[in-house]
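2 protein chains.
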Amino acid sequence: MTQTGDLNLMKQINKSIVLEHVKKHAPISRAKIAEITGLTKATVSTLVHELIDSRLVQEIGEGASSGGRKPMMLLFNHTAGYAVGVELGVGHISAVLTDLAGHIVEHTEAAHSNDSVDAVIHRLIGCIEEMRGRAPDGPYGIVGIGIGIPGIADERGHVLFAPNLGWEGVPLRARIEEHFRLPVVIDNEANAGALGEKEFGAGVNTSHLIYVSVSSGIGTGVIINGQLYRGVSGFSGEIGHTSIEFNGRACRCGNVGCWELYASEQAMLQQAQMLPGRPTDVAALARLAEQDNPEAAALLDQTGYYLGVGLINVINTFNPEQIIIGGSMVALKQWLLPPILQCIQQRSLPLTRAGLEIEFSALRGRSTLLGAASFAITRFFASPKVSV
Amino acid sequence: MTQTGDLNLMKQINKSIVLEHVKKHAPISRAKIAEITGLTKATVSTLVHELIDSRLVQEIGEGASSGGRKPMMLLFNHTAGYAVGVELGVGHISAVLTDLAGHIVEHTEAAHSNDSVDAVIHRLIGCIEEMRGRAPDGPYGIVGIGIGIPGIADERGHVLFAPNLGWEGVPLRARIEEHFRLPVVIDNEANAGALGEKEFGAGVNTSHLIYVSVSSGIGTGVIINGQLYRGVSGFSGEIGHTSIEFNGRACRCGNVGCWELYASEQAMLQQAQMLPGRPTDVAALARLAEQDNPEAAALLDQTGYYLGVGLINVINTFNPEQIIIGGSMVALKQWLLPPILQCIQQRSLPLTRAGLEIEFSALRGRSTLLGAASFAITRFFASPKVSV
DNA sequence: AAAGTTTGTAAATCGATTAAACTAACTTTT
DNA sequence: AAAAGTTAGTTTAATCGATTTACAAACTTT
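Sequence lines, in order, name chains B and F. Count the first sequence with the UniProt record's numbering and you get residues 1 to 388, in order. Count the second sequence with the UniProt record's numbering and you get residues 1 to 388, in order.
Calculated from the structure, these hints are not laboratory results. It is possible that part of the hints are untrue.
It does not matter which identical chain is meant; a pair holds if it fits inside one copy or across any two.
Simulated crosslink set (DSS-like; lysine-lysine; CA at most 30 Å straight-line) [said to hold, decoys possible]:
id, residue 1, residue 2
1, K23, K70
2, K41, K11
3, K333, K70
My request is simple: use the sequences and hints to build the entire structure.
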């Protein structure tokens, strides 16, 4: 049973094209949509009418005339529904409530002691319930829940492997869906981060981007042709565990000389123990660097170099349009970016480098949360019920 | 001007679904196609009628009854047209003529002295002309020409960079199209090889595969969701130039410790100079290994190990369904595969490794040629003129 | 020989887009 | 200020491909 072409598919395609244009070029008139999409004015008119009926689009009033009848301007009704985005960390849970445009309207945080799976899920449900309770009314209410996890999930929403949580084979989606009776999407935190950047962050205009989340480890999310690439079993993007030194130290993953053994926050802070004051977190190290401590500067320089080494591999592998660096190391941008750029300048192919943007996340640690919410929103628009 | 949904698109989708099924499940009846695609019998009937009219499908006779009227069996008419596939090597040109199913019906080879771009193109045109001249008659004649090059081409068919040929900025597609007045597709030889394996080789049932061509260098072709991934500017898959030792030897690409400095044929043969008889090619080394020479065995073991080290990076990056190793090293499969598998067994994540197939090309050096032909065939079926 | 199956076509219907005409509302020109 | 020209959006009829339903043809099984 392949996906065949029928009138239904046709309408679905055109309707989502129209909505996409309203979202992207708002405020916009029906005539303008017809002009830039190539659809006829009549088609756009009927589709817009249906979108207004389903409360996803609003007429906002007349726009300025350009020598004829004034156009009626259209807006995406981003408050027609809300999504919950959750980041499940080690010892920590964050959750946000966003509208359909990814604007955060509520947020909450909680610690968890990570003692048992049930206890963590209980806390998780608590956070989500809080967000649900604070959601404003809207025609669609809460459209879904997205959860970013520090590990791998399969398409059924089972957490296959989350070493830092100590989880293996936890049917998380089923557990949450059972409680809330809402669609739930589970995915890796780096994948969520990548999607967050693509939808609401530095990557809105990019279709080939790699998101590199540098925190205690290094996680990566790969977006190709505007879509997350998950690999055949959801394991793609374990670039943190590619080797940059085949005779290097053994990693707990089984490989040797993994990138994250050199360039992660953990690797850096380990080295930082030899520095004055023994900084134990990024902020402390940043303070030290601000005081022009030469050893701190050298350590940051070296970490940037290691990041660059791995990024060159990413560049030569994917030839991406954009690389976005997220995670806790974003705070060190001013010290890390120069050595990263220098390393890439020296070692990468000029033609591959051309047109490549390397940026730090501008979402200030919320890329994963927004990406998780985006999972739910995307699923909402893809569902046949709304059939946009 | 986006691609919108209209009746034309609808028909195009369904028609290619029908043709795809005829190709894949031939011989097959109209009723069976309707059953497995979900299209109605009437729709299948009219589409098949049009495909027969355009000579792409044939009725081959009645099949066995399963308790009712006998079905009329359909076949893809693979001799309706022919494609030329060319491999442009360093000092060497190969060309094949294939039918629309990728069966090789003619082939030729030629040497070139690589003295000037014009001289090489002249030779190239000669080979293609020979293939064209030997092509049987068919309703569509020669549908196109595909050329695999040892370098990078952009979407206009300009050879941007081919260091081993010494080419830079050669408008190869324009030159060949001008001469033959036929559609020409230019792409990297590894990309062609990947497509060849996907269409006609070990990867026919796979949608996420990585083709690794190990010859003098290491080239890679990445197929994701059944499609070649080319990167934003055509440079994806330079995995041969990812570093596996960040303090290693400098590579001519500008990077350091590149995989191909360790695991390519060239790297191996360089080491082989210390062996008895100083083997200068793969065949000579194979002979030495067959005589149970321990140093040769050790060298092959080491090369397999290096290949494995890089393949683990590929696996952790892409989580592919299949990895196909091609190129001149295929002849050494019996010595290389064990150390490769051992290395992967030891160092890769069990869950990522699960279900992964690692194979050597079974197309015996013709994956690039077949892939090149496949470029032309794919373009033929995608062209609006045929509008399958 | 009758009943049941399966294949493939034919005729009528449906539904979404399109093309063309039209109304509405505005600006510019005379 | 009236006339002419522009632009926005709707209405109406036409088109076209898939679907639904019906049916004829050609089998096998009972």
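| request: Evaluate K41 and K11 at a C-alpha cut-off of 30 Å and name the case that applies: within, between, both or neither. | output: This pair counts as both: shortest intra-copy Cα distance 15 Å, inter-copy 23 Å.
| field | Copy assignment of K333 with K70, given that the CA separation must stay at most 30 Å | value | For K333 and K70, neither the intra-copy (48 Å) nor the inter-copy (72 Å) Cα distance is at most 30 Å.
| Is it within a copy, between copies, both, or neither that the alpha carbon of K23 lies no farther than 30 Å from that of K70? | This pair counts as within: shortest intra-copy Cα distance 21 Å, inter-copy 54 Å.
Violated hint for the displayed structure: number 3, the only one.
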